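Single-letter residue listing:
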Amino acid sequence: MADAAALASILAEPFMQRALVGGLLTGALGGLLGSFAVLRQLSFFSDALGHSALLGITLGILLGINPTVVLIPFAVLFALLVHQLVQRSALPTDALLNIVYSSSLAAAVLALSLVETYRGGIQQLLFGDILGISWVDLGVIGGLLLVALLYLSLSLRAQVLLTLNTDLAGAMGVRTGWHRLAFIVLLAVVVAVSIKAVGVLLISAFVVIPACAGRLLSRRFPVYVVSSALLGGGCALMGLLGSGLTNLPSGPCVVMVQFLGFVVALVISQSTRRSPAVAGPGGRQILGGGPAALEPH
Amino acid sequence: MRQPVLQVQDLSVERSGRLAVEGVSFALSPESDTALVGPNGAGKSTLVAALLGLVPRRSGAVEILGQPLGIDGQLPRAVRAQIAYVPQTLALQGRFPLTVAEFVGFGYDPPGLRLPWKDHRKRRVSVQQALQRTGCEDLGQRLLSELSGGQLKRVLLAFCVVRPRQLLVLDEAQAGLDAPSNEHFQQLLFNLRRQEGWTVLQVSHDLDMVRRSCDQVLCLNRRLRCGGSPDHALSPQSLNELYGPNMITYRHQHHG
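Sequence lines, in order, name chains A and B. At position 188 of the first sequence the residue is numbered 188 (the numbering used here), and the sequence of numbers has no breaks. At position 27 of the second sequence the residue is numbered 324 (the numbering used here), and the sequence of numbers has no breaks.
Keep in mind that the hints were calculated from the coordinates and are not lab data. Bear in mind that the values here come from a model prediction, so they are computed numbers and not experimental data. Nothing false has been slipped in among the hints.
With the C-beta cut set under 8 angstroms, the calculated list includes, among others, these residues of chain A facing chain B:
(1) LEU39
(2) SER153
(3) LEU154
(4) SER155
(5) ARG157
(6) VAL160
(7) THR163
(8) LEU164
(9) ASN165
(10) ASP167
(11) GLY170
(12) MET172
(13) GLY173
(14) SER218
(15) ARG219
(16) ARG220
Which stretches of chain B does chain A cover? Using the computed rule of at least three CB atoms under 8 angstroms from a CB of chain A, they are:
(17) 347-359
(18) 373-380
(19) 392-403
(20) 410-420
Ideal placement from N, C-alpha and C gives every residue a C-beta, glycine not left out.
With the hints as extra help, turn the sequences into a complete structure.
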């Protein structure tokens, strides 16, 4: 009873209502973009982008401009530069990303040390402050979710073919360079917009974990994309409620719920693999129908 | 005389700063089956990529169905929709949540942006027919990442035949197929040519298959070393020139 009363009082707070809607939208956005990013092996790219965003925030502080305003153009510019670097360099992508993100992180920390008093606090930058989310932020995140949904729906064929084989996509008339760039820019904007709520350190979890859980549970592509978005939004909601009830930090709470969701998905996928009698003649029925096999390839 | 499906004139292509293909000219007549052979690193895949407009060419001209291929690979959308391509493989690391039927359905859609549920019913029927034609009817609900190499090749062919086209380009499509699958594959290519007027260009290392199935051979080692009918192009002298003397010894040991 006490818990129910506590929950009701938390839900009555406007800042908590905004945080819940913000978490739902940010989680869904991360899951949606993540479902493509993970298949395209861009997980580390989103991580590097998140860490490097600290440099953008720091630049904003040093220039006396609202860091949120600086962050989106910074993230897009950063993503385009890294994309060019990856395209033109003979070095492996993960090594390049590591160089870029550790360097920009170091630069950001050095620059932050020059700022004597930063009102926001480093903790807020690293782990986010979803409770401080405003109606304007919600509008931006909601608009971005709509844009992402529209673009990914219209270009679904292009995105999948591009992920499977660039030459096949090009031969089938997909403008590979354009779509690759458009996706990276979209991912950069999503990361930049989500930083305020999620923080620099945890942003990649929002992109990677729900998508990996969805990947383990789904067989059909639309089911995979939708389930990743739902898992992202659902885990964010549960994590925020848990955070409100326990008075623990919100970002880490959300990521822990995402992690638990991933573990559950892992257990379900393993158990359905082991029990063909439950799953049907082909075995391994999970989301989306049809026989499946979950053996590693 | 009918217009060539593909016309290549003095084509040169650079890759990684070196001339990978130099001064290549040839034409594919309608309904022909042409093999592109040559040793590893001869520029076969680069030539195919240039013909499909995937890499820019340094010089020369390419026409597909009478339309010039732009220097950066641009083709009118209607012409692009007439081209099918079977790559060597797909990037399927780990579990890829895409069924065979879904993948083949992407071959049905024309180039450009469109909502995924558009023409859903027509697409489903065409996918079913394509799977049957390629002997993949039992694979429709399997995940793409669950398939063996041979099954994947058949599914890639289903992806191509899911809608009518005029030019089919295959990059080592027979690699990984067992003997019956290979025969079925070649029979299907033959039917596509004879019954539906497709033209085939295939990169291959299987010279016996080329001898049996193709009616024109292009021998490439940066430049076109020889060309013509299989009997002429795959003569011991031509093979000697293309692959070096060890190739003749190897073939004698395995066939004689």
